[in-house]
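Trainee: Go ahead and model the full structure; you've got the sequences and the hints to work with.
In the order they appear, the protein sequences are chains X and A.
Positions in the first sequence are counted from 1; adding 3 to them yields this note's numbering.
Positions in the second sequence are counted from 1; adding 401 to them yields this note's numbering.
To be clear, the hints were calculated from the coordinates, so they are not data collected in a lab.
These numbers come from a predicted model, not from an experiment.
Every residue gets a Cβ at the ideal spot worked out from N, C-alpha and C, and that includes glycine.
Below are the DSS-like pairs computed for lysine-lysine, each with C-alpha atoms no more than 30 Å apart in a straight line:
hint: 1; chain 1: X; residue 1: K350; chain 2: X; residue 2: K250
hint: 2; chain 1: A; residue 1: K451; chain 2: X; residue 2: K56
hint: 3; chain 1: X; residue 1: K12; chain 2: X; residue 2: K102
hint: 4; chain 1: A; residue 1: K452; chain 2: A; residue 2: K535
hint: 5; chain 1: X; residue 1: K163; chain 2: A; residue 2: K549
hint: 6; chain 1: X; residue 1: K250; chain 2: X; residue 2: K163
hint: 7; chain 1: X; residue 1: K382; chain 2: A; residue 2: K409
hint: 8; chain 1: X; residue 1: K382; chain 2: A; residue 2: K436
hint: 9; chain 1: X; residue 1: K192; chain 2: X; residue 2: K332
hint: 10; chain 1: A; residue 1: K404; chain 2: X; residue 2: K56
hint: 11; chain 1: A; residue 1: K404; chain 2: A; residue 2: K448
hint: 12; chain 1: A; residue 1: K549; chain 2: X; residue 2: K58
hint: 13; chain 1: A; residue 1: K409; chain 2: X; residue 2: K285
hint: 14; chain 1: X; residue 1: K192; chain 2: X; residue 2: K285
hint: 15; chain 1: A; residue 1: K549; chain 2: X; residue 2: K56
hint: 16; chain 1: A; residue 1: K549; chain 2: X; residue 2: K12
hint: 17; chain 1: A; residue 1: K436; chain 2: X; residue 2: K56
hint: 18; chain 1: A; residue 1: K449; chain 2: X; residue 2: K382
hint: 19; chain 1: X; residue 1: K382; chain 2: A; residue 2: K448
hint: 20; chain 1: X; residue 1: K332; chain 2: X; residue 2: K382
hint: 21; chain 1: X; residue 1: K330; chain 2: X; residue 2: K285
hint: 22; chain 1: X; residue 1: K56; chain 2: A; residue 2: K452
hint: 23; chain 1: X; residue 1: K82; chain 2: A; residue 2: K436
hint: 24; chain 1: A; residue 1: K448; chain 2: A; residue 2: K409
Residues from chain X that keep clear of chain A, each with C-beta distances beyond 12 Å, as calculated:
hint: 25; residue: R20
hint: 26; residue: R22
hint: 27; residue: E92
hint: 28; residue: A210
hint: 29; residue: I246
hint: 30; residue: D254
hint: 31; residue: D264
hint: 32; residue: Y268
hint: 33; residue: E297
hint: 34; residue: D351
Selected chain X positions facing chain A (Cβ under 7 Å, derived; list incomplete):
hint: 35; residue: F30
hint: 36; residue: F76
hint: 37; residue: H152
hint: 38; residue: Y157
hint: 39; residue: G233
hint: 40; residue: K235
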Amino acid sequence: MCGMTITEKILARASNRERVTAGDVVFASVDKVMVHDVSGPGVMMVLRELERKGKRVERVWDPDRVWIAEDHFVPAVDKIAAENIITLERMSERFGIKKHFRYGLGQYGICHTLSHEEAMVLPGEVYVGGDSHTNTTGALGCFATGMGHTDIAYVLIHGKIWFRVPETLLFRLEGHIPPYIMAKDIILKIIGDNGTDVANYKAMQFAGSAVAEMPMDERFTLTNMTTEAGAKNGIIEPDERTIAYVKERTDRPFKALKGDDDAEYEEVFTYEVDELEPIVAKPYSPANIAYARELNSVEIDRAYIGSCTGAKYTDLLEAARILKGRKAKVRLEVLPASQSIYMKALKDGLLSIFLEAGAVIGPPTCGACCGAHMGVLAKDEVCVSTTNRNFPGRMGHVESKTYLASPKVVAASAVTGRITDPRDVADG
Amino acid sequence: MMKGRVHKYARDNIDTDVIIPGPYLKIMDHNELAKHAMEGIDREFVKKVKKGDFILAGRNFGCGSSREHAPIALSYAGISAVLALSFARIFYRNAVDGAYLLPIEIGEDAYNGIEDGDELEIDIERNEVRNISKGKVYAMRPFPPLIKRIVDAGGLFNYTPE
Chain X
4 MCGMTITEKI LARASNRERV TAGDVVFASV DKVMVHDVSG PGVMMVLREL ERKGKRVERV
64 WDPDRVWIAE DHFVPAVDKI AAENIITLER MSERFGIKKH FRYGLGQYGI CHTLSHEEAM
124 VLPGEVYVGG DSHTNTTGAL GCFATGMGHT DIAYVLIHGK IWFRVPETLL FRLEGHIPPY
184 IMAKDIILKI IGDNGTDVAN YKAMQFAGSA VAEMPMDERF TLTNMTTEAG AKNGIIEPDE
244 RTIAYVKERT DRPFKALKGD DDAEYEEVFT YEVDELEPIV AKPYSPANIA YARELNSVEI
304 DRAYIGSCTG AKYTDLLEAA RILKGRKAKV RLEVLPASQS IYMKALKDGL LSIFLEAGAV
364 IGPPTCGACC GAHMGVLAKD EVCVSTTNRN FPGRMGHVES KTYLASPKVV AASAVTGRIT
424 DPRDVADG
Chain A
402 MMKGRVHKYA RDNIDTDVII PGPYLKIMDH NELAKHAMEG IDREFVKKVK KGDFILAGRN
462 FGCGSSREHA PIALSYAGIS AVLALSFARI FYRNAVDGAY LLPIEIGEDA YNGIEDGDEL
522 EIDIERNEVR NISKGKVYAM RPFPPLIKRI VDAGGLFNYT PE
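Mentor: Structure representation (structure tokens):
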């Protein structure tokens, strides 16, 4: 009998079993659950429907394990969005949920960034969120997955939910990361090579020397985009860097888990990162990749630095290094992923660099990444973006075009007005 | 037994952004969402669809976001089942746990053999898809045991774990 992967170990612990194997169906206890201004009102709608059937929900299973983010349509873009924020306020009040990050009241931002910045989730935990990019948080070594609002409502009441234990695809990233390559290039390469459903119903785990040398921010980019490969969860076994990152943010105890040496992986993929070149995903799929240099003739109208994928502090820092002392030739937007990142970027002078380059700086929000607001694209407009999806209509008009790239590529492209490899601008 | 006409979209990766575009996510009214179903792929869809109809598509249907708005919009537009070569995991869960519509996994034979506008019957007890227009019968992939129990119960909230 072979050992267990980290994903299997977490799900075994959460379902009170000695062991689980890929394919088992378990009802697992959930440690943390998150809703935002789209999924929270959805949950409340489910609860209203239960009440209509005579099953009023008086309390959630554990209000201290529930947390709320405001990120998609904030600051409230219109009356409906404003009502959804009020729904969230009523939800926290009714159920006694203390961790509610409100815009305009200090620290707030995109849920997937807060999940690790604020240590809302800890290594070894089972974490479900009402958003598909919940996978992001798995870089802490937890089982993190996204669900719809019916499932989330069920978790709020019962504290558990069903899972089919996923098979694990192991991605070994070996070698050293060249200075012009970011985690975004690596994950786009993986999705481009293997397709947007390679990991459907499965776990994507990352390991190897290149992962070990990545800062946490970069690891979150890898796990964030496992969603674009269809994965149930993305995960990285915790190392000293992970533990230090968490301990800087909380003194709550946690039990970090690792997989067994003889764990079984469905497939192992190896990438030598030294050989990688900057990559861009063309419209209309994250798998539709090309080298940035192959796309140098593509003229752009917009450059967008934002989202849970591409507006963490490291993302802003890398973009600023290229933009320093330069002017953007196209409209450039920068939306830090959270208030604390915004403040750090302010204190460290990054915001001055962006402003001097001509950028408009927006508040932390999902914004135009999901076509909601803050720079939505018109028909035929071309945008190079640090975000995670480029489906038709994702950032605006169904005939707009989004090219997905690393913050370095986006910054270099903003400077030239064409899709540009960071090596082709000085300091890139 | 479900009976209806099929709307075929012969492509893979029909994502949640084309099923219900992002700007509508703030809308919670199911009937309002239904007015925009499939807007990113076919603006005529909501005019053509009748209650009980089916969608037929390729691989990885419903990929992308966790928005439950996607199966809700399709369901309230009239769709009772989506037949596809495969489904993205969150769309599948949402469809079943919320009891909005049935995600039916079919093989290449059914995908290629069924044409837009064909009249179908779906029998989830016999795991059969019958093409009444063409007089052919195809196998559907049986639901895994837990999924079948949730479907039979009428959604996750009506299901009692044993």
